[in-house]
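Chemist: Sequence:
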Amino acid sequence: MQFVVPISGPVPPPPPPAAVPLPSARQYISLDDARSDHRFHERINAVVRGHFPHPWPCLRQVPAEHQHFWYESMKITYWWDCNNESMFRVFHIFASKYIRKTFAVARSTLVKPLWLANEIWLQLQAYWASEGFQQESSKNKANWAANPTASSTVYRGGSSSVNMHKWKLEAELVRPSKQMEVFERCYKKKEDGSWSWPRATEVALNN
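If you count the sequence shown from 1, position 74 lands on 77 in our numbering, and the numbers rise without skipping.
Treat the hints with care, since some could be wrong.
Said to hold, decoys possible - Per label pair, the in silico range of CB-to-CB distance:
#  : residue 1 : residue 2 : range
1  : K142      : S111      : 11 to 21 Å
2  : R92       : E187      : 17 to 27 Å
3  : S27       : E139      : 43 to 53 Å
4  : G135      : K181      : 29 to 39 Å
5  : A49       : S140      : 25 to 35 Å
6  : V114      : Q182      : 34 to 44 Å
7  : L125      : A174      : 15 to 25 Å
8  : T112      : D84       : 26 to 36 Å
9  : S89       : V114      : 14 to 24 Å
10 : A129      : A49       : 41 to 51 Å
11 : R52       : E187      : 14 to 24 Å
12 : N86       : L125      : 38 to 48 Å
Claimed, not checked - Mimicking DSBU-like on lysine-lysine, the simulated pairs with C-alpha atoms at most 35 Å apart in a straight line are:
#  : residue 1 : residue 2
13 : K78       : K104
14 : K169      : K144
15 : K100      : K142
16 : K181      : K78
17 : K169      : K181
18 : K100      : K171
19 : K100      : K115
20 : K191      : K144
Since the hints were made in silico from the structure, they are not lab data. Glycine included, every Cβ here is placed at the ideal spot set by N, Cα and C.
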């Protein structure tokens with residue numbers, strides 16, 4: 004079970020959304036480009052940095068209304084013609100990755116990110132030093148040391164992410180993919196079709 008950051012006060016609501024310019028004043032981006040365009044990802048990072056008023060250690064703990072505010076803020080710079088659900092998934096992936104990596108570095112180096120308010124930084128440090136977080140962290144480290152592959156399977160998808168394999172598979176099938184189809188694509192050996200690790204076989208049999 005995930006340890007939740009203690010609430011030190013009410014979470015401030017996001018500010019009112021800014022007026023969205025006409026498409027002619029913004030840059031068009033397709034769904035495929037949004038998955039790979041470095042400048043688009045940097046804009047996501049900037050939006051997250053621009054309004055981070057609470058010690059959220061990961062995206063899962065950011066309230067939905069605030070995630071929506073960040074997402075809507077992307078429309079000030081970009082516009083797209085795909086459905087919002089698809090683009091939000093892309094936004095969610097890269098916003099989550101940015102928060103996770105930024106705070107992993109900050110936690111290990113004890114160096115505050117320049118964009119983070121001092122009071123937020125102090126609360127995050129208190130969260131990382133808390134007994135609940137330390138116990139969960141120690142348990143995870145012990146489990147990994149005892150059996151590095153017990154909680155995971157060996158990924159066979161190459162340099163592409165699981166999401167990228169999912170998108171490619173759906174393009175080939177011309178329909179939404181099933182979870183098991185994506186799992187097989189990522190964790191089966193291409194040479195002989197066998198599973199990459201016993202744990203993958205166990206997961207497959209339980210689905």
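Chemist: 26 to 36 Å was suggested as the range; check whether the CB atoms of T112 and D84 agree with it.
Modeler: violated, 42 Å
Chemist: Does the Cβ pair L125, A174 satisfy 15 to 25 Å?
Modeler: Given about 47 Å between the Cβ atoms, the range is violated.
Chemist: Does 14 to 24 Å hold as the CB distance between R52 and E187, or does it fail?
Modeler: violated, 38 Å
Chemist: Has the hinted range 29 to 39 Å been met by the Cβ atoms of G135 and K181?
Modeler: Given a distance of about 37 Å, which is inside 29 to 39 Å, the answer is holds.
Chemist: Is it true that the C-beta distance of A129 to A49 lies inside 41 to 51 Å, as the hint says?
Modeler: Violated - the Cβ-Cβ distance for A129 and A49, about 27 Å, lies outside 41 to 51 Å.
Chemist: Has the given pair, K181 with K78, been kept, meaning a C-alpha gap of at most 35 Å?
Modeler: OK: K181 and K78 at ~31 Å, within 35 Å.
Chemist: Can the restraint linking K100 and K142 be considered satisfied, given a maximum Cα separation of 35 Å?
Modeler: holds, 23 Å
Chemist: Compare the distance between the alpha carbons of K169 and K181 with 35 Å, and conclude whether the hinted pair is satisfied.
Modeler: Roughly 9 Å separates the two Cα atoms, so the pair holds.
Chemist: Against the range 25 to 35 Å, how does the distance between the Cβ atoms of A49 and S140 compare: consistent or not?
Modeler: holds, 30 Å
Chemist: Measuring from beta carbon to beta carbon, are R92 and E187 in 17 to 27 Å?
Modeler: 21 Å Cβ-Cβ, so the 17 to 27 Å window holds.
Chemist: For the range 34 to 44 Å, tell me whether the beta carbons of V114 and Q182 fit it or not.
Modeler: For V114 and Q182 the Cβ distance comes to about 39 Å; the hint holds.
Chemist: Verify the proposed pairing of K100 with K115, using a straight-line Cα cut of 35 Å.
Modeler: holds, 18 Å
In summary, the numbered hints that this structure violates are 7, 8, 9, 10, 11.
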